[in-house]
Structure formats: C-alpha cells, structure tokens
Amino acid sequence: MANGRTSREIKRIRNEILVVLKMLYPAALQADQLLRSLLAVFPALEWDQFRRDLAYLCEKGYLQRVVPDTENDEKLTPWRKRWFRLTSSGMEVADRCIGDPALEE
Amino acid sequence: MTTKASEPSRGGLTNACRPRKRRLPLIKAMPKNVLLALDEALRALPHRSPAAVADVHKRFALLDKYEVTLRQTINHAKRLHAHGTAEDPPSHPPSDRGAAGSETVEAYRRRMNAIGEALSVVFAGMETPDSDLWGRGMYLKLVGRLYDVLDSEDLTLGDLKALSGMIYEQRRAHTHALEVERRIHAAHQNNADKGRDEVDPPTSRELPARLGDMVRQIYGVNLHEPAASISTATVRERH
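Taken in order, these protein sequences are the chains called X and W. Heads up, the first sequence is in the working numbering, so the first residue is -18 and it goes up one at a time. Heads up, the second sequence is in the working numbering, so the first residue is 976 and it goes up one at a time.
With the rest of the complex left out, here is chain W:
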C-alpha cells in the first residue's frame, strides 16, 4: 500500500522515499510498438551482464508506477555499459596498443557493439540485410539519428520523442506501402486471370477480309447478297 503524496507524513514514510505520482505524458503518448522497440534496444545495450539486464527490466517495469523516466533508464543502461559490463572476449582483432590505448579501443568497441546491437534490435530484426529498405533515405536518416543519439553523452526527452515519432511513421509508411503494393499485385493478377477467360470484345478484333464474315461478326447473321450481283461477280471472274 502506498501513501498519497498530498497526505501529510505519518511517521513511517518520509517524503524522500514516498513514490511520486508524476508521470511523463510522453511515455503515454508513445506508440506501444515504439516503446517495445526501445525496450528491446535497451535490453541489448548492457546485455552481456545478466544483472544489468535484470536491473534495466526492473526499471522498465516500474515505468508505469514511479517517476523513473525513459531517459533515466537509457542513461542508466549506458552508464552500466560504459563501466564495462562485458564478460565475453571480443570476437574482433585485439588492439596491440599500449595498456591505456588498448583500453580506449576496447571501450570504444564495446560502445559500438552496444549501438550495433541496439540498431539491429530496432531494425535488423525486421529487415534482411539485402532489403531495399536500407537504401531508403528515410531509413538511413533514421539509422544515423539513432546512432547519434546512442553515441551521445546524454539523451533528451525531445530526442526520444522525435526518434520515436520517426520510427513509428517510418514503419507505418512502410507497412502501408507494402499493403498497397500487395493490392496492386493482386489486382493485376485478377485482371490477367479474367482476361484469359473472357472473350475479347469485337472492337479489339481485326476486321475479317470477307464482307460476309464481317457482317456475321457484327450482326450475328449471314449476309444474303442479291442474286444479280452474284451472277455479275461470277461473270467478272470468268472474264
């Protein structure tokens, strides 16, 4: 049971440890799929340490209840990562600099690895490497922005809001484009199937060479020519 913030202190709980009721409207306003994507990205940041992962999860679980903001969570994850939570040896070539230089390079690679993992969670989980989406300007811009945000020292809520909006819009536009493409393809397929079954309209046919055939095609009846004209034609042929 929690005590309301407006109530006077009754001995047990002090103002410092009492949960505040303030909630960020941004968290509520962000689309659920974006929150999930960011959640996944955050899980990827310090993923090498199970304790750090559990801590981030716990903080995320508290989002709805307490004042822990997304920004604080991200900064916390980044701080954990910066302090070196890596337990696995890096798979890339070791740097052969001096001790201080080597540490710098290793820390740098750890940070890049974390950013890469976050990016892959947000994007590559959905897209294959050969997807044409990677060549789209909007997507590249989004990747660049996310990279900048994750590589920066601090993250503002404004950044997050813009980022989440971009991700959401991009995904929605992409889904819409795919749906339109699918419908167009289906419509073309239907037309092709119908065209095969139906008889072509008379206008699209070529006119037959003989007059009788032409009349039969247009009027659906045989042409009965006058006997005189037939005899004339016969005479002409004989001559």
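The shape of chain X in the complex, shown without the other chains:
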C-alpha cells in the first residue's frame, strides 16, 4: 500500500499508461492529456499519484521525456506540460515481450 493505493491499483495504472503510449507510439503525449484520458478509466486518479507513476516509469527507462525545441529551460517546464513517449524497453513491456514483476498483476 502506498499513499492509500493498493499495489494492484498502482500496477494497473502504470500498465495503462504504458498501453496508451504504446498505441500512440512514436508520438508523445503531454502529461496533462494523458491524465485526462486516464480519468475515463480511473476516475479517482489524482495528479500527484499520476506524476509519481510517470517519474517511476521514466526512471525505469520505460518512458522518455521529449523536450521540444521551443522549451528554453526544460527544468522550468511544469510537469503537466511535459511530453512523454514510450522507449523501446517500454514498448517491450507494454507488448508483454519481456516481463517486469513490478508491473505484472
């Protein structure tokens, strides 16, 4: 249990993030758009939780931040406005070509 969420719920949300970005690959999606989209499936999903999941997936190398040429300082861009896309490793996990116990339910 982390921040009131069960591990199963956490895994489900993370899996869904990967699945959505897999379908849009190679295009990137803004975090805000991704959250709004996921709210259709997880109505109780909160921004802070979602941001934590994004950061986790980035650190695992499944997601990659895309910094457009229009951003002067990438560190100053708020998380909601940041763009993310799937990496090749993320693609493999989303396709279930390789398994990750941390994401398997």
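Among these hints, one or two may not hold up.
To be verified - List time: in silico BS3-like cross-link candidates among lysine-lysine, alpha-carbon distance up to 30 Å: (1) X:Lys56 - X:Lys(-8); (2) X:Lys3 - X:Lys41; (3) W:Lys1116 - X:Lys41; (4) X:Lys62 - W:Lys1116; (5) X:Lys3 - W:Lys1116.
What the hints assert, rightly or not - To list a few chain X residues with every Cβ distance to chain W over 12 Å, as calculated: (6) Arg33; (7) Leu57; (8) Pro59.
Source of the hints: derived by calculation from the structure; they are not laboratory data. Model, not experiment: these values are computed from the prediction. Beta carbons are placed, not taken as given, at the ideal position from N, Cα and C, and that holds for glycine.
Given the structure of chain X, go ahead and fit chain W onto it with the hints provided.
Relative to chain X, chain W alone:
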C-alpha cells in the same frame, strides 16, 4: 438524374429525399493532401470492421455531391467505433477487473487504439520513430491537438479548419526546411570540390623567405640584382 432544389416537387421526389445543393466552402478550401490525410485517418478509425470502412468510404465519396460534411463523417466513424466494431482480440494485457470495469477498460483501449492509428496514419506514415521531427514544438503541439480533437465527444468545423491549416503549414514548412538544407549541403559540396581543383590565390599563400622567390611569385619574373650588390654580399659572407 437529380431534380433541382428550386424546382417544385413533381410527385416522385419529395423535399426530404432530394439532395440539397449546399456545399461546404471549407471542404473546397482545404488542401488536397490534408483532405487525403484526414481521409486516411478516418479510414483507420473503424478499420476493424470492413462494413464500417466501406460505409465511411461511401460517405467520403459523397462529399462532393451531397451535404454530407466532414464533421458528420468523422462523428459517424467515431460513433461506429464507440459501438464496438472491434473483431480482433486486443494484443495488450487483458484487464482483470469486474465485468463492467473490464468493458470500460476495453472500450477505452479501443478508443486509444483508434486515435493511435489515426495519428500514425497522419504522421508516422511519413516520419520514422527516431525522426527529430517528433521533438519539434510545432509537431508536438499538432499531435496534442489532434489527440484532443479525436478524443473529444464532438468535432466542430472550426476545429477541423484549424487542424487542417496546422497540418498543411507544418508539412509545407518542413518540406521547405528540408529543401533549404539540401541546397545548403549541395552548395557546400560544390565549394569543397572547386576548392580542391583551383589554385589558391596568391594572397592566401605565405610569403617566401627569399626575395627572389617573392618577386617571382608576385611579378612572375626573376629578380636580376645589380652585380655590385652581389659582390658586396659575397664579401660580407666571406668576412
């Protein structure tokens, strides 16, 4: 044979079934390549069902003749898709929620899949995944806008007009940038080739150490020094 809308009804055709002559100026104004791209995108939306694809194609074919607008076509395609035209099982992991939850997730994934396919038809067909175009602000904005439009409940003609304009401008700018880049590269290549063949101009050379060589290089003739000075130099060397 069709009856003109202004003519009075002559028994056979009623006003309801007679095709109206109204045409959307937007359709005419949209660049052909944008229309084609949108057409492709629409084909991708309900592509799992051949009947739905045929229906969308038929509607597109009617665009020039009847009042079927692009908005109606898109909404129709979306409606078809929302009603579940998927026949293939999803390749992604099944959701293990309850029956209602599972349906929601499956419907959500179907919608995302349709959007993804539409995006890939509009963009990825032209660009490779490692293309630097995906990192350009304009492109990201365009993807985001298209995603918003496709994910929304309804689509307005204003949205479409703005979208088509963005796609058109972006593609034109990209093509132009590529052309400029190609020309610059070709010009650099030409300069490099010429530089190899041509003799360097005298100004760029270093001056020779000896005066005679310097004169020969500048004037193209040998320097004839006076005999006295030569003898003086010889004497100096001896001393």
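Going down the list of hints, with the structure as the test:
no. : hint                : in the structure
1   : X:Lys56 - X:Lys(-8) : 28 Å, holds
2   : X:Lys3 - X:Lys41    : 16 Å, holds
3   : W:Lys1116 - X:Lys41 : 26 Å, holds
4   : X:Lys62 - W:Lys1116 : 11 Å, holds
5   : X:Lys3 - W:Lys1116  : 19 Å, holds
6   : Arg33               : 21 Å, holds
7   : Leu57               : 15 Å, holds
8   : Pro59               : 15 Å, holds
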